[in-house]
Amino acid sequence: MAIRIIHVGVGGWGLDWEQNVLSNVPSVERVAAVDTSPAILEALQTAVGIPASACFTSLTEAAASVEADAAVITVPLPFHIPVVLEALELGLHALVEKPFAPTVADAQRAVDAAQEKGLLLAVSQNYRFFPAVQVVREIITSGELGKVGSVTVDFRKHVTADNGGHRHFTLPDPLLVDMAIHHWDLMRHLIGEAATAITCETWNPLWSPFQHDAAGAAVVEFAGGAHVAWRGSWVSPGEPTTWSGRWHMEFDRGEVIWQARGDRETTDQDFVTVLPVGGKEERRAMPPVPLHGRRGSLNAFAEAVAGKRRPDPDISGRDNLGTIGLALAAVESAATGRRIILGS
1 MAIRIIHVGV
11 GGWGLDWEQN
21 VLSNVPSVER
31 VAAVDTSPAI
41 LEALQTAVGI
51 PASACFTSLT
61 EAAASVEADA
71 AVITVPLPFH
81 IPVVLEALEL
91 GLHALVEKPF
101 APTVADAQRA
111 VDAAQEKGLL
121 LAVSQNYRFF
131 PAVQVVREII
141 TSGELGKVGS
151 VTVDFRKHVT
161 ADNGGHRHFT
171 LPDPLLVDMA
181 IHHWDLMRHL
191 IGEAATAITC
201 ETWNPLWSPF
211 QHDAAGAAVV
221 EFAGGAHVAW
231 RGSWVSPGEP
241 TTWSGRWHME
251 FDRGEVIWQA
261 RGDRETTDQD
271 FVTVLPVGGK
281 EERRAMPPVP
291 LHGRRGSLNA
301 FAEAVAGKRR
311 PDPDISGRDN
321 LGTIGLALAA
331 VESAATGRRI
341 ILGS
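Residue numbers are given in this note's numbering: position 25 of the sequence shown equals residue 25, and the series is strictly consecutive.
Careful: at least some of the hints might be erroneous.
[Said to hold, decoys possible] Derived SDA-like pairs: lysine to any residue, alpha-carbon spacing no greater than 20 Å straight-line:
| id | residue 1 | residue 2 |
| --- | --- | --- |
| 1 | Lys147 | Arg309 |
| 2 | Lys117 | Leu321 |
| 3 | Lys308 | Ala54 |
| 4 | Lys157 | Val235 |
| 5 | Lys147 | Arg264 |
| 6 | Lys117 | Lys308 |
| 7 | Lys147 | Glu201 |
| 8 | Lys117 | Arg309 |
| 9 | Lys157 | Asp268 |
| 10 | Lys157 | Lys147 |
| 11 | Lys308 | Pro290 |
| 12 | Lys308 | Asn20 |
| 13 | Lys147 | Ala194 |
| 14 | Lys157 | Glu201 |
| 15 | Lys147 | Ala223 |
| 16 | Lys157 | Ser316 |
| 17 | Lys308 | Phe169 |
| 18 | Lys280 | Ile140 |
| 19 | Lys308 | Arg318 |
| 20 | Lys147 | Gly278 |
| 21 | Lys157 | Phe169 |
| 22 | Lys117 | Gly238 |
| 23 | Lys157 | Ser208 |
| 24 | Lys157 | Gly238 |
| 25 | Lys308 | Val177 |
| 26 | Lys280 | Asp252 |
| 27 | Lys117 | Asp106 |
[What the hints assert, rightly or not] Distance windows between CB atoms, simulated:
| id | residue 1 | residue 2 | range |
| --- | --- | --- | --- |
| 28 | Gly337 | Pro288 | 21 to 29 Å |
| 29 | Glu332 | Gly49 | 40 to 48 Å |
| 30 | Lys147 | Glu42 | 49 to 57 Å |
| 31 | Gln269 | Glu116 | 23 to 31 Å |
| 32 | Phe271 | Ser37 | 17 to 25 Å |
| 33 | Asn20 | Thr160 | 19 to 27 Å |
| 34 | Lys147 | Val219 | 17 to 25 Å |
| 35 | His212 | Gln269 | 26 to 34 Å |
| 36 | Asp312 | Arg246 | 24 to 32 Å |
| 37 | Ala43 | Phe79 | 14 to 22 Å |
| 38 | Thr57 | Arg283 | 48 to 56 Å |
No lab work stands behind these hints, which were simulated from the structure alone.
Every residue gets a Cβ at the ideal spot worked out from N, C-alpha and C, and that includes glycine.
Hey, can you work out the whole structure from these sequences and the hints?
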């Protein structure tokens, strides 16, 4: 039986959720839509056929008018925590878009509120729900190649003012927080250990149309000794990577090269190549993942709500404290020029 959701924030990226995610996940039923803009709600009615009677300008009003189990929150980042707290106060489970919160303290406040009320709070870290990520996770957890030691991640896109502009042009920390949040999260998810320190530097190339730094590099240290060297750029003229970036992982018994998440959230560019020491290179088969990306995170959330358990993979707000903490530590390191110790 599908859980009933109220969708909050249906303009821009929220409309994309309506058109490409909600309608493709059988485990949810959207019973109401909320936006502070009447014009956006009117446009939504035309775009997806939702009746005006199911559209509201406040979550509290919507919850008083329809029977619902949860809220899916796709409002801009500054409004994540206020809307999450409102949903929890109304007795609704909540799934919120990444990045989770503007500060770790805000994220912790929301996690504590969810625990106090016995409700599930999850973050849509959708890159965990791609075939290549699942294959690499199994390689690591099975110990097939031993323990991961060194990792390099390269992320490149070429976003210019000439090719239509971008909503990130004026966004603070457009690379480290809004984009690399996926890479920080995948590091934690795959290595399966706490990040203990990060050193990061960012810059804005001369040709960049971004107001804030659009390129950067970092070294992330993990509790078991693994080190990840990450490089990213929104404005690289080089060959673009997929959205996951290109990963090269070294183990004591071999290497793994992989990528995931093609354009428009497709799986067609997912691959995993394994190079065991003394063995033959092998391209691993990708498992079928019908509900991948945001559809996968929404379905995992819905199944967890219905089964009263933690989602699998773990996209709970509590787990995501480590991801948002790592992202904000990267920002701090870039701003101060210091190596930041996490958890201190």
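Quick rundown of the hints versus the structure:
no.	hint	in the structure
1	Lys147 x Arg309	30 Å, violated
2	Lys117 x Leu321	19 Å, holds
3	Lys308 x Ala54	27 Å, violated
4	Lys157 x Val235	6 Å, holds
5	Lys147 x Arg264	33 Å, violated
6	Lys117 x Lys308	13 Å, holds
7	Lys147 x Glu201	28 Å, violated
8	Lys117 x Arg309	14 Å, holds
9	Lys157 x Asp268	18 Å, holds
10	Lys157 x Lys147	31 Å, violated
11	Lys308 x Pro290	23 Å, violated
12	Lys308 x Asn20	26 Å, violated
13	Lys147 x Ala194	15 Å, holds
14	Lys157 x Glu201	18 Å, holds
15	Lys147 x Ala223	13 Å, holds
16	Lys157 x Ser316	29 Å, violated
17	Lys308 x Phe169	41 Å, violated
18	Lys280 x Ile140	19 Å, holds
19	Lys308 x Arg318	16 Å, holds
20	Lys147 x Gly278	17 Å, holds
21	Lys157 x Phe169	14 Å, holds
22	Lys117 x Gly238	49 Å, violated
23	Lys157 x Ser208	12 Å, holds
24	Lys157 x Gly238	8 Å, holds
25	Lys308 x Val177	31 Å, violated
26	Lys280 x Asp252	16 Å, holds
27	Lys117 x Asp106	17 Å, holds
28	Gly337 x Pro288: 21 to 29 Å	46 Å, violated
29	Glu332 x Gly49: 40 to 48 Å	46 Å, holds
30	Lys147 x Glu42: 49 to 57 Å	56 Å, holds
31	Gln269 x Glu116: 23 to 31 Å	42 Å, violated
32	Phe271 x Ser37: 17 to 25 Å	41 Å, violated
33	Asn20 x Thr160: 19 to 27 Å	25 Å, holds
34	Lys147 x Val219: 17 to 25 Å	18 Å, holds
35	His212 x Gln269: 26 to 34 Å	28 Å, holds
36	Asp312 x Arg246: 24 to 32 Å	27 Å, holds
37	Ala43 x Phe79: 14 to 22 Å	19 Å, holds
38	Thr57 x Arg283: 48 to 56 Å	51 Å, holds
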